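Let's have the full structure, built from the sequences with the hints guiding it.
There are 2 protein chains.
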Amino acid sequence: MLFMDVHNHLPEGATAGDVAEAHAADVRTQDQYGVKYLNYWVDDHAGKVFCLVEAPDAEAAHRVHREAHGLVADEIYPVTQG
Amino acid sequence: MLFMDVHNHLPEGATAGDVAEAHAADVRTQDQYGVKYLNYWVDDHAGKVFCLVEAPDAEAAHRVHREAHGLVADEIYPVTQG
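Residue numbers (the working numbering), protein chains in the order written: chain W, 1 to 82; chain G, 1 to 82.
No lab work stands behind these hints: they were computed from the structure. Please read these numbers as outputs of a predicted model, since none were measured by experiment. Incorrect hints may appear among the rest.
[To be verified] Over 10 Å on every C-beta distance to chain G, these chain W residues come out as not near it, computed from the model:
{"no.": "1", "residue": "Q32"}
{"no.": "2", "residue": "A46"}
{"no.": "3", "residue": "F50"}
{"no.": "4", "residue": "Q81"}
{"no.": "5", "residue": "G82"}
[Claimed, not checked] Incomplete in silico selection of chain G near chain W, CB under 7 Å:
{"no.": "6", "residue": "M1"}
{"no.": "7", "residue": "M4"}
{"no.": "8", "residue": "A16"}
{"no.": "9", "residue": "Y33"}
{"no.": "10", "residue": "W41"}
{"no.": "11", "residue": "V42"}
{"no.": "12", "residue": "Q81"}
Idealized CB from N, CA, C, for every residue including glycine.
Written out as structure tokens, the structure reads:
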């Protein structure tokens, strides 16, 4: 299933570079859970991140974020791509 | 510039097909404003839509939605793609 997750508040001072490192950690962690983080978009001024992810369910996607870097998304939606 | 816009409340009963029609109307409208709606993701159960859009500024992106179908996004963020 395809999901879009939304992080509403990056940690104070986090940069796009920090998000890139977190994404790399997701990629190292995801295979064991059948998860694939496909792409992400960052607004570091607003502290917002959108992650597009293929996962068996929302909890599996959250688990990868939790184990990889601890920054679990605030919201997650099952989506179809237009 | 690249933006992610977020629609938080699709009109009651709107389906993924309705969103596809709205997107087609965006595509017919966008050129005159230098805007390009690139992709979108829909959760029709939650009434949520995420649109990825190239635009000279946020207002130009909103203008296309407003003229094409009237459904202006609730939020819009300048983003960098990871």
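M1(G) was flagged as interface toward chain W. Is the shortest Cβ-Cβ separation under 7 Å? The hint is violated - M1(G) has no Cβ within 7 Å of chain W, the shortest such distance being about 11 Å.
* **Restraint outcome when V42(G) is required to lie within 7 Å of chain W by C-beta distance** => 5 Å, holds
### Query
With 7 Å as the cut and Cβ atoms as the points, is M4(G) at the interface with chain W?
5 Å, holds
* Asked: Does the no-contact call for Q81(W) survive, Cβ to all of chain G over 10 Å?
  -> Q81(W) not clear of chain G: closest Cβ-Cβ about 5 Å, inside 10 Å.
| Does the nearest C-beta of chain W fall within a distance shorter than 7 Å of the C-beta of W41(G)? | 4 Å, holds
(request) Hey, is G82(W) genuinely clear of chain G, shortest beta carbon separation above 10 Å? (result) 4 Å, violated
According to the definition I'm using, a residue is off the interface if its beta carbon is farther than 10 Å from all beta carbons of the partner; does A46(W) meet that for chain G? 6 Å, violated
Task: Least C-beta distance between Q32(W) and chain G, which was stated to exceed 10 Å - done: 22 Å, holds
Would you check whether Q81(G) satisfies its interface hint, that is, whether its CB is within less than 7 Å of any CB in chain W? 5 Å, holds
| said: Take the shortest C-beta to C-beta distance between Y33(G) and chain W; is it under 7 Å? | reply: 20 Å, violated
Open item on the list: Is the claim that F50(W) lies outside the interface with chain G correct, judged by CB distances over 10 Å?
Closed with: At roughly 6 Å from the nearest Cβ of chain G, F50(W) sits no farther out than 10 Å, so the non-interface label is violated.
Q. Is the hint on A16(G) kept, meaning its closest Cβ partner in chain W is under 7 Å away?
A. 6 Å, holds
Hints 2, 3, 4, 5, 6, 9 from the earlier list are contradicted by this structure; the remaining hints agree with it.
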